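Just so we're aligned, residue 319 is where the sequence shown starts under the numbering used here, counting upward by one.
Note that these hints are calculated values from the structure, not bench results. Computed from a predicted model, the values in this text were never measured in an experiment. For every residue, glycine included, the Cβ atom is placed at its ideal position computed from N, Cα and C.
With beta-carbon atoms standing in for the labels, derived distance ranges:
| no. | residue 1 | residue 2 | range |
| --- | --- | --- | --- |
| 1 | P1006 | D1032 | 17 to 27 Å |
| 2 | E928 | A592 | 49 to 59 Å |
| 3 | D649 | S468 | 48 to 58 Å |
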Amino acid sequence: MRDQHRSVRSAAVPGRAAEAARARAYLDRTGSVLLSGPAGVGKTHLARVLAGPGAEWIAGTPAAAAIPFGAFARYLGGPWQGPGVAPAVVLRELLSRFADIPATVVVDDAHLLDDGSAAVLHELTRTPGVRLIAVARDRVLPDLPCVRLSPLTSDGVADMAAELAGGALEPAAAAALYRLTGGNALACVELVASALADGVLRPGQRGWRWHDDGRAGGVTQVLADRLAAVTPAEREALLVVALGEPVDADALGALCGPELVESMCERDWLHASAAGDEVWLPHPLYGEVLLAGAASVTLRRLRRALAAELTGDRHLLRRVTLRLAAADVPDDAELLAAAAEALSRMDGTLAATLAGSVRESSPRRAELLAGALVQQHRYAEADAVLAAFADRPELAAARVANLVRGLRRIDLAIAYLEGFGEPTTVIEVQLATLRRRYADAAAACAADPLLSAVELAGPSGYAVHQLAGAYFQLGRVDECAAILRHHDRPGQPADLTMSLRFGLTGTLLAAGRPGEAAALASALRDWGSSSSGASGTVGWPAARALGFAAAAGVSAYRGDYAAAAAELRAADGPEVRPGTRHWIACQLAVAEAAQQRIEAARTALATAVEIRVGGSVLFAEVDEARAEAFVLACAGAAGEGAALLRRLFDDQLTCGAYAVATEAAWLVARFHDPADGLALLDRLPPLPGAYAVHAAFVRALASGPAEELLAVADAYEELGTPGLAAEACDAIVRLRRGTPKTVSAAAWRRDQLAAAGPATRLPWWSQQAPAALSRREREIAALVASGLTNPEIAARLVLSVRTVENHLHRVYAKLGVTGRADLGPALGWR
319 MRDQHRSVRS AAVPGRAAEA ARARAYLDRT GSVLLSGPAG VGKTHLARVL AGPGAEWIAG
379 TPAAAAIPFG AFARYLGGPW QGPGVAPAVV LRELLSRFAD IPATVVVDDA HLLDDGSAAV
439 LHELTRTPGV RLIAVARDRV LPDLPCVRLS PLTSDGVADM AAELAGGALE PAAAAALYRL
499 TGGNALACVE LVASALADGV LRPGQRGWRW HDDGRAGGVT QVLADRLAAV TPAEREALLV
559 VALGEPVDAD ALGALCGPEL VESMCERDWL HASAAGDEVW LPHPLYGEVL LAGAASVTLR
619 RLRRALAAEL TGDRHLLRRV TLRLAAADVP DDAELLAAAA EALSRMDGTL AATLAGSVRE
679 SSPRRAELLA GALVQQHRYA EADAVLAAFA DRPELAAARV ANLVRGLRRI DLAIAYLEGF
739 GEPTTVIEVQ LATLRRRYAD AAAACAADPL LSAVELAGPS GYAVHQLAGA YFQLGRVDEC
799 AAILRHHDRP GQPADLTMSL RFGLTGTLLA AGRPGEAAAL ASALRDWGSS SSGASGTVGW
859 PAARALGFAA AAGVSAYRGD YAAAAAELRA ADGPEVRPGT RHWIACQLAV AEAAQQRIEA
919 ARTALATAVE IRVGGSVLFA EVDEARAEAF VLACAGAAGE GAALLRRLFD DQLTCGAYAV
979 ATEAAWLVAR FHDPADGLAL LDRLPPLPGA YAVHAAFVRA LASGPAEELL AVADAYEELG
1039 TPGLAAEACD AIVRLRRGTP KTVSAAAWRR DQLAAAGPAT RLPWWSQQAP AALSRREREI
1099 AALVASGLTN PEIAARLVLS VRTVENHLHR VYAKLGVTGR ADLGPALGWR
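Can you make the complete structure from the sequences, with help from the hints?
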């Protein structure tokens, strides 16, 4: 929020005409620009000229960089602020406040932004109606076109000095300035200002003349010379600001006196926000010079004094970090609160420092420290911290989550849980799920099927995911959706929210609600790609990846495997957890195989195996077996694929995973032997949602007439999966169910559904084409479908009514319809 007003005589950009032109062109074309270059070359001055009056200024500072969203501290007021706030909530609030600001936002010293503030910068590049100008030292921001500024040439220095002084300099004076400043624009500004003030730069016969050949040069020396002019009280005020920039104005006034603060703002030694509630230095280089020249005991005293004035939750992290830097450790309660705040803002490094500074060992300290280490992918260290409290049931779920998700040691998790003599409900759920006894997991919480007594963000929260998984495996998709929705609440850590919503997407598909699933997948993707999400890293890649993975699930459900493959490739990345990466690789194998890209499918399968070999992954064998069977079928080895699915079926039936078992029977019936698939299905209880339609498809494939397969096609259409609806129609063609007229009509409908989906034609589908309509038949069919009568058609086409009727009867026969009302749907009209 560095002030945009400085003592210059005009809005010209002396020595920077070319850079200014390029920057304006970028702003006109893309709405944003990055000004990059070494300190002091004039980036901020150029930004000020480009922005014009009324722009909103944000600035990164070394002090603010230690606090999540520190650069936006003055926007963080309001009832939602305080410990436990999720980054997503912070982002949403910040961006809503920017909705009413001036059209131009300048982010100065963007290289000093913390990750949360950088995520807001990323979002501003995508916010319609906002012009963004970012200023950074030697840093490329991928979303912004860049204009790099180098030190000024000697002519550039002369032009800038003439602008500042109000007239041209003598050649010797210009040469002296260039020697002293090295082309550094800030040094030039400050040196000319001080030289004018002390008479070193005075009017001569041919312009301004320089009268001090002994003066030292360099921007640091120039700033040090300028700072030598302030009083001791003013220097102390500047040091306080350098330590906590931007500093609360009331806190600074309490330390140094409000009159002094106001006077320094009036003289441009300090800059203030429009509301006057925060102050900062004119340039970050002032802070570097001040801090380099201050004694450590002075800095410690000032840090402690400033921390004492920063009261309340709003200043919690700033207060605690200042006290730690002063070797003045806060009490444990404040450290724990600050660690929880940093953890909720996804700053694992700061949270680990804060929790590690707590003196007394306690379950709460272990919970926060382990959570901070997990955020940094330091899973072994996190387990060592939690192992110190291995006998505490309230931390069991947290340790199991790290063992399973981080270290990928399901065996160690089971052994650990078995050590509890009197397990709690949460431990019973976890142990049953890891042992694949899903019915036992559901029975353990019969009195509280939503685990409503468990806080998702607490140490037992992982049990919620496990119970949801048990419900899903049992085919109880409504209960799975209910528990996921129940625990999706505002204000909880973003990684938990992302995981819940990703799981809910798959649950909604299993329930036959693809519209809701698609909306949720889109929201997840936008969270990561457009709104910068909530993972605490620039661009929120974890949310973006999960959004693409969820969208791929929706595309595959609809039968569009080309779209699914593209989305899965966009989803994979190092920020994704191993379990999710394994799932992505298996789904990619299916999508590639469906398109007859068998080698690509096998490569994806090999990737999945490689991930699994690196450590145990929940449901890994299930996902791999299902994907491998599909790839085999697409490669022409349907018998091998069916044998693999039969083994999978037996394994899943043993542990009560009826959802996977139903899918195995369904796949066997589709690509190998309907009777074999039906025999498997008859060993299972009926399931709701999409599974009920899958079961109907198996029965129709095994022995049902064409009418039964058409009913299944109708049911799949209602579920929003045109690919399976087309496959049900194709089964009539492939299995020769019905008369030639029925088969031809089914082929016609198959092609219409596949084209409208769009749906990928799978390798086991029939290649038989429907009986083709002639040009005249297509013409008459279209006119009938549009509502014209036979006489009206005859008049329009100059035919007899009898001729129209004859054509229409042939159309009915080829399309398998019996009346005019059926023509529109048969032609693919909606």
